[in-house]
Each structure stands twice: as structure tokens, then as C-alpha cells.
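So the chains spell out like this:
Protein chains: 2
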Amino acid sequence: MNLLLLEPAEVRSDGTSVVSAWRARHLRDVLRVQPGHEVRAGMVDGGLGTCTVLALDEDTVTLKCTFDVTPIRPSVDLLLALPRPKVMQRLWAQMAALGVGQIMLTNATRVERNYFDTHVLEPDNYRPLLLEGLQQARDTHLPVVSIHRRLKVLLEDDLDSLCPNGARLVAHPGSKETFTAALGTNPAHQRGETRTLLAVGPEGGWTDFELHLLAAHGFAAVGMGGRTLRSDTACVALLALLHEALR
Amino acid sequence: MNLLLLEPAEVRSDGTSVVSAWRARHLRDVLRVQPGHEVRAGMVDGGLGTCTVLALDEDTVTLKCTFDVTPIRPSVDLLLALPRPKVMQRLWAQMAALGVGQIMLTNATRVERNYFDTHVLEPDNYRPLLLEGLQQARDTHLPVVSIHRRLKVLLEDDLDSLCPNGARLVAHPGSKETFTAALGTNPAHQRGETRTLLAVGPEGGWTDFELHLLAAHGFAAVGMGGRTLRSDTACVALLALLHEALR
Chain A
-10 MNLLLLEPAE VRSDGTSVVS AWRARHLRDV LRVQPGHEVR AGMVDGGLGT
40 CTVLALDEDT VTLKCTFDVT PIRPSVDLLL ALPRPKVMQR LWAQMAALGV
90 GQIMLTNATR VERNYFDTHV LEPDNYRPLL LEGLQQARDT HLPVVSIHRR
140 LKVLLEDDLD SLCPNGARLV AHPGSKETFT AALGTNPAHQ RGETRTLLAV
190 GPEGGWTDFE LHLLAAHGFA AVGMGGRTLR SDTACVALLA LLHEALR
Chain B
-10 MNLLLLEPAE VRSDGTSVVS AWRARHLRDV LRVQPGHEVR AGMVDGGLGT
40 CTVLALDEDT VTLKCTFDVT PIRPSVDLLL ALPRPKVMQR LWAQMAALGV
90 GQIMLTNATR VERNYFDTHV LEPDNYRPLL LEGLQQARDT HLPVVSIHRR
140 LKVLLEDDLD SLCPNGARLV AHPGSKETFT AALGTNPAHQ RGETRTLLAV
190 GPEGGWTDFE LHLLAAHGFA AVGMGGRTLR SDTACVALLA LLHEALR
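Which chain is which? The protein sequence lines are A and B, in order. Numbered according to this note's numbering, the first sequence terminates at residue 236, and the numbering increases by one at each position without gaps. Numbered according to this note's numbering, the second sequence terminates at residue 236, and the numbering increases by one at each position without gaps.
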């Protein structure tokens, strides 16, 4: 645990918090804290700082929290054609760790419709995984997740309000354009708009129709060499490249 | 299956090959091949090309193979502090898909010794996973795997013969150096040596002693921003960044 992440409701108005269950056990048995010790901590969608251990007993740890640093919200958003459930499940924590502001999951021609009916897309399933990723990367910004059953409706009706500004890129195996080059010539990026939305297709790729639709809505193609990668590998690699290009 | 990958022993001297079991079923039921159809194919550690379907029956597919393209061996090698078995198991296929010439797995202070005693490091376990990654990425170069119980012995006695030339980089969360910048000033890279060896530490990081030892053996530090990532996410992200910097 690189960061003790607390929900807003877990922190009282005087800044104290009592944690129990696995977090108490981790503090006591792995980090071996004692009263007076400080641990790195943060509040979900809030600040970063430290918690000082006030007291420990068998089941709980009482902490005094100070969250005095406001972490920067990741400037990258993701529009992802829904991968198969097993792959999606592996991605939640990794996306949150790499840093994503918004995750829009969409249908596409080469996405199987029954992928949308799994527990993998339930908040009760993915929220703990996103928090795990945030704790790994010491961030507090929980990615905002939305699920879209029709790509065309998303692009035509919803995207401008979900992502009102910023550069739009679409990862396309056929493109020779690097992230750095694509951002360098991007009008939104040149205007100083700080957010970047990256669209990542399904295992079998976007169809030509979908690529045209994305292009018509301002998505410029970027590539990363000739190798075809599994969705989760591609997604991690692409997010890393985009963050690096924005660094 | 993006590529039908055959072992050298599976291809007769006249270029024909008979495949059975899951590959025959995949050709017949998923790709729905018929006599005369061509499929993309390759030979492990050999060429790339096509196989033409000669005949099908209930259990087998007979093919005529032409391997006329020699793929370029990935110019990246990896020296990886052995992650915990579950994470290592997830990495095999991804490393092969991203493209790695050699994988040297090593002990380090923050690696638990019992990680070395798992079936995850048996060739019978990892070879099929590496092949899966090659088939995904349409490559034929099977990464060469070696296992090293002592980092110091590896660096002092074995590394110069395993990796006789090329740039050496070590990923270090504290470094602000990008891959592009680090390669730009690297003497081996400037001399035109084409290989690059990347060292990736354990979950808890290299110790100061290990970092000094790596530096003494020519490893220059590179970073990728302030976020701490799980070993497998970090490994995929770092390999993607290195390949991109070499592109």
C-alpha cells in the first residue's frame, strides 16, 4: 500500500479517522505503525497528505489526517471499445494507476454485445479496483466511468458535453504518426487546451466506418509501430506513450 | 490467432506441414479455411510468410508453407528483477508481444527468494505463453530466457557475454530523464550499436547498493513520471516507451 486512501465519509470534521479490517491489519502487521508514526494518505477525489497514528487496538487504527496537497487531475481521458470481460477486469487498476480522468466504455462493431452484461461493469466490482490503482500510484482522482451502448450516439450526441475541449486522438495500428507529432500539430493542443482524449479500438480494430466517424469528430490517428497487441497490453502501452508525450 | 506459428520440426523438407488439435480446430472453425486459402504463418526463430491450405479433414489441416520474409529481431533486451509469480505469469505473453530479444530474470534485495521456486519459471510453463505473444504480434523471434540467482554475479561475470554491446538503461522512479534524452547522450547508441538493455527493478525498487552497481556497469537512469506502478504495468509501459524512443 503506497497510499492510505480514505473515503470522505471516513474522515470526521476534526480530521480524525478510524480504519478497520484489512487496512488496520496492513498498517499494524505490514507497515508496523506505532502511535506517532506518519503514513502517506489521501482522500478519494480530495487532497493528499499524511495521517498520524493516534492509537491502535486489536481491530482498529485511529488516525489524525492532514490533506494539504491537491494532486493534479490526470489530463488524459480514454474512450475504449469494451474488451472481453477477463481483459477488462485486468485493466481497471492499471488504468487508474497510469492516470485517467474519464473512462468511456463503448460498443463497436467488433465488440460482442454480451460483454456489456457482465458484473465486470458494475461499480461494486470496478470501484475497489480503481481505488487499488490509485493507491498504487499515490493519486486520489477516481476516474469517472461511463458506459455507452452505441458509438454513434456517443460521438454525435454526448461526447461534446463529456469532453468539451482538448485534443482527440485515435490509436490505429496502420498509422505511422507518433503521439509527439500528432500533438504537435493538433489545433486544440496548440490553443493550450490541456486535456487529451484517446480512443482505443477493439481487439479486431475499428471498422472503416467507425474510423471515418471518429475522424469526422476530430480524432487524429496515432500509431505505435507494427506489432498487434492484446487490448490490455495496447491500452497500457498507449496510455504510457501519451503521458510521456504530454510530460 | 494473428499468425500460425509452426515449430521447425513441424515443417517437412518439402514445405508441407500437418497441424492438429487446437490449431486445426481454429483454422477450421474460426478462420473457416478451405483448400486454396492462405493464412499468415511463421516458423519459430525462422521466417515469416504464408501457408496455403492443401487439405482438411476431421482432425487435421495440411498446409504448404512459404517463409520468405526474415523478421527483424527486437532490438530490446530486458533485465528484470523477478516479480511475484502471479505477476510474472501475466508478463510472459505481453513481453513477447511487445518484442524482447533476451529476458534475464534476476534476484535482488527486494525480491523474495521463494519466487524462484515456482513452476512459472519452468520452460514448459512459459514457452507456450511466449509463443502466444509472438502469434499475437506476428513475430517469430522467441525471447531467450535466462535466470540469475545473484545480481552481482550477473553484472560482474555474465552480462558482458550475454549483452556484449549496446546501450544500458535502468528504469528508476526518481529519474527525470526520458528514454529519448537518455539514448541521445548514450555513447553506445551514438556509436551506432543497435541493441538496448533495459533493467527494471522489483516492486519495492532497487536498493542504493544495486543502483550503484548498475551504474558502475554502464546503466544510465531513465524515468517515466512520478507515478509508482505495479511491476507488470511498469514493464509493459517501459517497453513501449523504449520501443517508441528507438522507432
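Hints listed in this document are in silico derivations from the structure and should not be mistaken for laboratory results. For clarity, every value in this text was computed on a predicted model and none was experimentally measured. The beta carbon of each residue, even a glycine, is placed where N, CA and C say it ideally should be. A couple of the hints might just be wrong.
For each label pair, taking beta carbons as the anchor points, the in silico distance ranges come out as [what the hints assert, rightly or not]: (1) B/Glu(-1) / A/Arg138: 26 to 34 Å; (2) B/Val19 / A/Arg139: 39 to 47 Å; (3) B/Asp113 / A/Pro112: 52 to 60 Å; (4) B/Asp48 / A/Asp146: 37 to 45 Å; (5) B/Ala10 / A/Pro112: 38 to 46 Å; (6) B/Arg14 / A/Arg21: 27 to 35 Å; (7) B/Ser150 / A/Leu43: 53 to 61 Å; (8) B/Glu(-1) / A/Gly193: 45 to 53 Å.
Hint check results:
1. B/Glu(-1) / A/Arg138: 26 to 34 Å: violated, 44 Å
2. B/Val19 / A/Arg139: 39 to 47 Å: Given a distance of about 27 Å, which is not inside 39 to 47 Å, the answer is violated.
3. B/Asp113 / A/Pro112: 52 to 60 Å: violated, 41 Å
4. B/Asp48 / A/Asp146: 37 to 45 Å: violated, 51 Å
5. B/Ala10 / A/Pro112: 38 to 46 Å: holds, 41 Å
6. B/Arg14 / A/Arg21: 27 to 35 Å: Given a distance of about 54 Å, which is not inside 27 to 35 Å, the answer is violated.
7. B/Ser150 / A/Leu43: 53 to 61 Å: Given a distance of about 57 Å, which is inside 53 to 61 Å, the answer is holds.
8. B/Glu(-1) / A/Gly193: 45 to 53 Å: violated, 27 Å
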